[in-house]
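A.B. asks: So the chains spell out like this:
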Amino acid sequence: MISTKTTQLRRIRFSLWILVAAAVLALGGAYFVRTIGVREPPSVTVGEAAIRSEFSLIDHNGNRVTEADFLGRWQLVFFGFTHCPDVCPTTLAYMANVLDRFGGEVERVAPIFITVDPSRDTPEVMAEYVQAFHPKLVGLTGSEAEVAAAAQSFRVYYEKMEEETAPDGYLMAHSGHIYLMTPEGRFEDVFREGEQSAEEMAADVLARMNGKQ
Amino acid sequence: MRKLIAIVVVALAVASPALAEESIRVFDAWARATILASRPGAAYLTIESAAEDRLLGVTMPVAGQVMIHAVEKDGDISRMKHIETLELPAGERVTLAPGGMHLMLMGLQDKLSEGTTFPMTLSFENAGEITVEVSVLGIAAEGPREAAE
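Residue numbers (this note's numbering), protein chains in the order written: chain A, 1 to 213; chain B, 1001 to 1149.
Because the hints were derived from the structure by calculation, they are not lab data.
All C-beta atoms, glycine included, are put in the ideal place defined by N, C-alpha and C.
Possibly wrong hints are sitting among the right ones.
[As the list claims (entries may be wrong)] In silico lysine to aspartate or glutamate, DMTMM-like type, Cα no more than 25 Å apart, as pairs:
(1) B:LYS1111 x A:ASP168
(2) B:LYS1073 x A:GLU162
(3) A:LYS136 x B:GLU1072
(4) B:LYS1073 x A:GLU195
(5) B:LYS1081 x A:ASP59
(6) A:LYS160 x A:ASP59
(7) B:LYS1073 x A:ASP189
(8) B:LYS1081 x A:ASP168
(9) B:LYS1073 x A:ASP168
(10) B:LYS1081 x B:GLU1125
(11) B:LYS1073 x A:ASP59
(12) B:LYS1081 x A:GLU163
(13) A:LYS160 x B:ASP1074
(14) A:LYS160 x A:GLU146
(15) B:LYS1081 x A:GLU159
(16) A:LYS160 x B:GLU1084
(17) A:LYS136 x A:GLU107
(18) B:LYS1073 x A:GLU163
(19) A:LYS160 x B:GLU1072
[Said to hold, decoys possible] Which bits of chain B does chain A cover? Going by a derived footprint, with three or more residues having C-beta under 8 Å, they are:
(20) 1049–1061
(21) 1079–1086
Construct all of the structure, not just a fragment, from the sequences and the given hints.
C.D. replies: Listed below in structure tokens is the structure:
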């Protein structure tokens, strides 16, 4: 009888210790995962100081332009390329839709499309391309180095991916953000097509334009 | 009630467009108008297969080559990934839509003009070949449903 009780007590004590051990493991595990295992995705809004509008490129009319040509207007900037079949036309069509919702205020906005594929996106190609989306849209291209410098100032990432079956053997990977820059050329925010409707983005941008007058 | 639902389901299935093959439904096939013939186009559609199947390839007279592309999001970078075949789980809708999976149309004979249509043939492992008409929508279109609204 006594021995049975002792065994039972031992069992209970044993079970309790297992519970404690399990709790410690669970908490420790959670802590481990939070601190080391799962890293937060890199923040998009890296901060105002990091992202600047700084470039020297050729517009779709063949003129050299720099960020100074767009100062005084709010800039919507998107990096892409004309061989991009899906994300770029989707995003540019979205930008055009946003612009159409600005009404007369559209004069205070400079929508800019910068190619990350300048060897194929000449000013002539850019002219035909941007005009199909919106009469206000400005297409910018340049040398590989000039485009790389522009992307660097906006902290935009892009890369050339070898893909045998693609036209000319490569595709471009790029971030699909639309940058909103202030009339002073400072970073204000990023937007992504699909995350809010064109109405919502237009209302958001207009509110900032009018709030900062 | 169950009978009624069955009738409605059958009626819907019969009424659905592009019912080329009993076990597979292809609908909302559309392409975005392109600006330059020298640039690839994109087409989208929804496929629903009653039985498990696999899309092996797509051909169309307007394009030299059609590739199935998935989009991989790595943080805020989008990479297009060429996929050889598209798995179709039984009874599940697989949708190709802007910003995600799409058909990349290369070697276009001419630019795709809004308001036109062209045939597209899909080859399935089990169901065989199905041909559907693809509507070319405007450059800013997001899909045929939105256009209809």
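A.B. asks: A separate judgement is required for each hint: does it hold in the structure or not?
C.D. replies: Do the hints match the structure? See the list:
1. B:LYS1111 x A:ASP168: Holds - the C-alpha atoms of ASP168 of chain A and LYS1111 of chain B are around 19 Å apart, at most 25 Å.
2. B:LYS1073 x A:GLU162: holds (18 Å)
3. A:LYS136 x B:GLU1072: violated (31 Å)
4. B:LYS1073 x A:GLU195: Within the cut-off at roughly 14 Å; holds.
5. B:LYS1081 x A:ASP59: violated (31 Å)
6. A:LYS160 x A:ASP59: The hint holds at about 23 Å.
7. B:LYS1073 x A:ASP189: holds (20 Å)
8. B:LYS1081 x A:ASP168: holds (16 Å)
9. B:LYS1073 x A:ASP168: Given that 25 Å is the threshold and the Cα spacing comes to 23 Å, the pair holds.
10. B:LYS1081 x B:GLU1125: Satisfied, since the Cα-Cα distance of roughly 21 Å is no more than 25 Å.
11. B:LYS1073 x A:ASP59: violated (30 Å)
12. B:LYS1081 x A:GLU163: holds (9 Å)
13. A:LYS160 x B:ASP1074: holds (15 Å)
14. A:LYS160 x A:GLU146: holds (16 Å)
15. B:LYS1081 x A:GLU159: It holds: about 14 Å lies between the C-alpha atoms, which stays within 25 Å.
16. A:LYS160 x B:GLU1084: holds (21 Å)
17. A:LYS136 x A:GLU107: holds (9 Å)
18. B:LYS1073 x A:GLU163: OK: LYS1073 of chain B and GLU163 of chain A at ~18 Å, within 25 Å.
19. A:LYS160 x B:GLU1072: With Cα atoms ~15 Å apart, LYS160 of chain A and GLU1072 of chain B stay inside 25 Å; holds.
20. 1049–1061: Since three or more residues must qualify, the claim that chain A covers the stretch 1049–1061 of chain B is violated, with 0 doing so at under 8 Å.
21. 1079–1086: holds (count 3)
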